[in-house]
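There are 2 protein chains.
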Amino acid sequence: MFSQLLRRHITPTLQRRATSIEQRRTTCICAQSLQYCENGEPADVLQLVELDISEPKMNEVLVRLLAAPINPADINTIQGKYPVKPPLPAIAGNEGVGEVLRTGGSVQKFKRGQRVVVVENGLGTWRTHANFTEQQLLCIPHEMDLASAATLVVNPPTAYRMLKDFVPLAQGDCIIQNGANSAVGQIVHQLCKAWGLKSIGIVRNRPNLEELKTYLKLLGASEVITEEELAQKDVATKLCKLPSPRLALNCVGGKNASDMAKLLAAKGVMVTYGGMSRKPVMIPTPALIFKSISFCGFWVTHWMREHKGKPERDKMFAELIEFFNKGKLKGAKHEMVPLKEYKTAVAATLNVKGMVGKKYILEMKC
Amino acid sequence: MFSQLLRRHITPTLQRRATSIEQRRTTCICAQSLQYCENGEPADVLQLVELDISEPKMNEVLVRLLAAPINPADINTIQGKYPVKPPLPAIAGNEGVGEVLRTGGSVQKFKRGQRVVVVENGLGTWRTHANFTEQQLLCIPHEMDLASAATLVVNPPTAYRMLKDFVPLAQGDCIIQNGANSAVGQIVHQLCKAWGLKSIGIVRNRPNLEELKTYLKLLGASEVITEEELAQKDVATKLCKLPSPRLALNCVGGKNASDMAKLLAAKGVMVTYGGMSRKPVMIPTPALIFKSISFCGFWVTHWMREHKGKPERDKMFAELIEFFNKGKLKGAKHEMVPLKEYKTAVAATLNVKGMVGKKYILEMKC
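The listed protein sequences correspond, in order, to chains S and F.
So the first sequence is numbered by the working numbering: it starts at 828 and just counts up by one.
So the second sequence is numbered by the working numbering: it starts at 828 and just counts up by one.
None of these hints come from the bench; they were simulated from the model.
There may be inaccurate statements among the hints.
When chains are identical, the list treats them as one kind, so a pair holds in a single copy or across two.
Unchecked claim - Here are the simulated DMTMM-like pairs of lysine to aspartate or glutamate, each with C-alpha atoms no more than 20 Å apart in a straight line: (1) Lys1118 / Glu1133; (2) Lys1094 / Asp992; (3) Lys1106 / Asp1086; (4) Lys1094 / Glu1133; (5) Lys938 / Glu882; (6) Lys1170 / Asp992; (7) Lys1068 / Glu926; (8) Lys991 / Glu1055; (9) Lys884 / Glu961; (10) Lys1068 / Glu868; (11) Lys991 / Glu877; (12) Lys1044 / Asp992; (13) Lys1160 / Asp992; (14) Lys1040 / Glu1056; (15) Lys1137 / Glu1050.
Just need the whole structure built from these sequences, with the hints factored in.
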């Protein structure tokens, strides 16, 4: 299976190097790695270096990485602006999909050729090879497409947990979210559809608004309105065919979040997972006291850390993978970029334009 | 017992009327009542009228009210600015203590002479007599002093529930609150002391600051600082002998609330129960996402409605009454004012000055 994959992915020149890696399999592997020795702008501080990867230890799994996305948080981590600060020098990247090459003596859960994703944050996935412990990996089926697998561990769990963990929602209940066209936002609408929930999406006004509304409704949104429509006094009338939302998901903050909070049903909850406007969430006192609205935050890194090896985590991934394989979920629009062209991909991530958030995924052809 | 009480409280003139009430006991009672027929300023719209009170129905209890406090929310209700809007004409007042005069045929829990407090909101307590249903009353011991009994149902449960229902606190854990010298704030510090919790109080700067600090520390505060000290960068150093607070109680809002939120431990909760600054609570996104701080509200009226006749409510009142009787709790400073002098008392409540919040309590000498 390893050689089949190589044939599918790599160029003839790189195939020769892969062969030489195969020959060295009992010694060590030379992994191309995007490393940074100090925090700063990725274009300035990232270096593509070759690092020797030793044989896997007893409980380790040697993985040949196939693809790893560039998430905004990865860039913030390199810049040193994120709460996760890996010790330097560090390899960039926090999620990715790969294939098991070899396993340490005590490893039981993984076998050569299996497809795996990295489920722990901060290990460095922007590289061709790495050793991970068993607990840092999750086995996924081969039939899952590479882009969905590479982006399985950050965005889909964020959407999944925010819909599951804050308000008990029954079929027909309604949620509202801003940033509806973000990568997480798109998953939210699809999960709502899969679970029989109504969902209202808020987006910024734009020239191709109707096209975006149609796209999000196809994904599963019950209604899509602009920030301006949300701010209008008659917004509740406009949304009167839908039940008052019991949950609001906020990745914007500022006035947009306050406007969204006004639509929440009594005892509703707003979960914040981003702050794109860079403005705080402002809560009028009466909403807290008399409407019992509460405001929480969600950080997937934290959740994954607290649920390492726990059944809830495995159950979630099983359900998400099933949704992907049945076509009920599709990942964000994406573009595969070879690892060595990382500068272009990082620049494009920092400057995403277009109707819906596009993900740049590094492909580790080596 | 009834006549003994009369002898203790009323003037000779009024005693004659009371005697005439006694004579009419099988017909009806003429109750002096502070009624309003429209919303507006209490001084303009309140009228002291005599209203006939009929014999108690099957499940009713006829109560002679002894004392009822003037809470800010009572004034807001009369003004029509409060979410509770009793149908007009309405009798003002929401809590009070009284004595059972007579009971309806099916009443089993109450007997003549028992001391009772009104536990339901919006029934009108600024009057000399009223019929209540069994469920609207709670029996309290005679030894409880009149002022503590009259103010048992709003402020102490607010403090109690906020300390019990949002964060599981263990002995030695710490909480922080602004408005520490408010009526609720004083109860909070005392309950913390009784339960072995550390508490930090925030107060506004004032000429007699040291006196206030001493007073609140005597009540049970572990530390008392001013709003200005709270806003200083080294505030955490100043409070380093105390554990990071896991719960913040906010009745101010605005910058003060934001400053308090910064001191909260990860996963801490801020509960808002008032908004004296009339400014919203502003939450920086990172506090929500990376520190998992959450923000809720508490409204005692709502809690009491949802826990009508439930064991949690009875358990809470039993514990609070025990604390009052053992001297572990004392109510806010207060002044008794005769019912007919309600205008002075309302004006004084609207213009409270002095070191700690003072409660004006209407005394129903009739």
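Against the structure, the hints come out as follows:
Proximity of lysine 1118 to glutamate 1133 under the C-alpha cut-off of 20 Å is restricted to the inter-copy arrangement: shortest distance 14 Å between copies versus 31 Å within a copy. Taking CA atoms no more than 20 Å apart as the test, lysine 1094 paired with aspartate 992 passes in both settings, with 15 Å inside one copy and 15 Å between copies. Taking the closest pair of Cα atoms, lysine 1106 and aspartate 1086 come within 20 Å of each other both inside a single copy (14 Å) and across two copies (16 Å). Taking the shortest Cα distances, lysine 1094 and glutamate 1133 sit within 20 Å of each other only across copies (13 Å), while inside one copy they are farther apart (27 Å).
Taking the shortest Cα distances, lysine 938 and glutamate 882 sit within 20 Å of each other inside one copy (15 Å), while across copies they are farther apart (84 Å). Taking CA atoms no more than 20 Å apart as the test, lysine 1170 paired with aspartate 992 passes in neither setting, with 37 Å inside one copy and 51 Å between copies. Taking the shortest alpha-carbon separations for lysine 1068 and glutamate 926, neither the intra-copy value of 48 Å nor the inter-copy value of 52 Å comes in at or below 20 Å. In this assembly of identical chains, lysine 991 and glutamate 1055 lie within 20 Å of each other by CA distance neither inside one copy nor across copies; the values are 29 Å within and 41 Å between.
For the homomeric pair lysine 884 and glutamate 961, the shortest alpha-carbon distance inside one copy (11 Å) is at most 20 Å, but the shortest distance between copies (73 Å) is not. In this assembly of identical chains, the alpha carbons of lysine 1068 and glutamate 868 never lie at most 20 Å apart, being 47 Å within a copy and 40 Å across copies at closest. In this assembly of identical chains, lysine 991 and glutamate 877 lie within 20 Å of each other by CA distance neither inside one copy nor across copies; the values are 42 Å within and 57 Å between. For the homomeric pair lysine 1044 and aspartate 992, neither the shortest alpha-carbon distance inside one copy (24 Å) nor that between copies (40 Å) is at most 20 Å.
Within a single copy, lysine 1160 and aspartate 992 get their C-alpha atoms no closer than 27 Å, and across copies no closer than 44 Å, so neither meets the 20 Å cut-off. Taking identical chains as interchangeable, the C-alpha atoms of lysine 1040 and glutamate 1056 lie at most 20 Å apart only when both belong to the same chain, with a minimum of 13 Å there against 50 Å between chains. Neither within a single protomer nor between protomers do lysine 1137 and glutamate 1050 lie at most 20 Å apart by alpha-carbon distance, with minima of 36 Å and 41 Å respectively.
Comparing the model with each numbered hint stated earlier shows that hints 6, 7, 8, 10, 11, 12, 13 and 15 do not hold.
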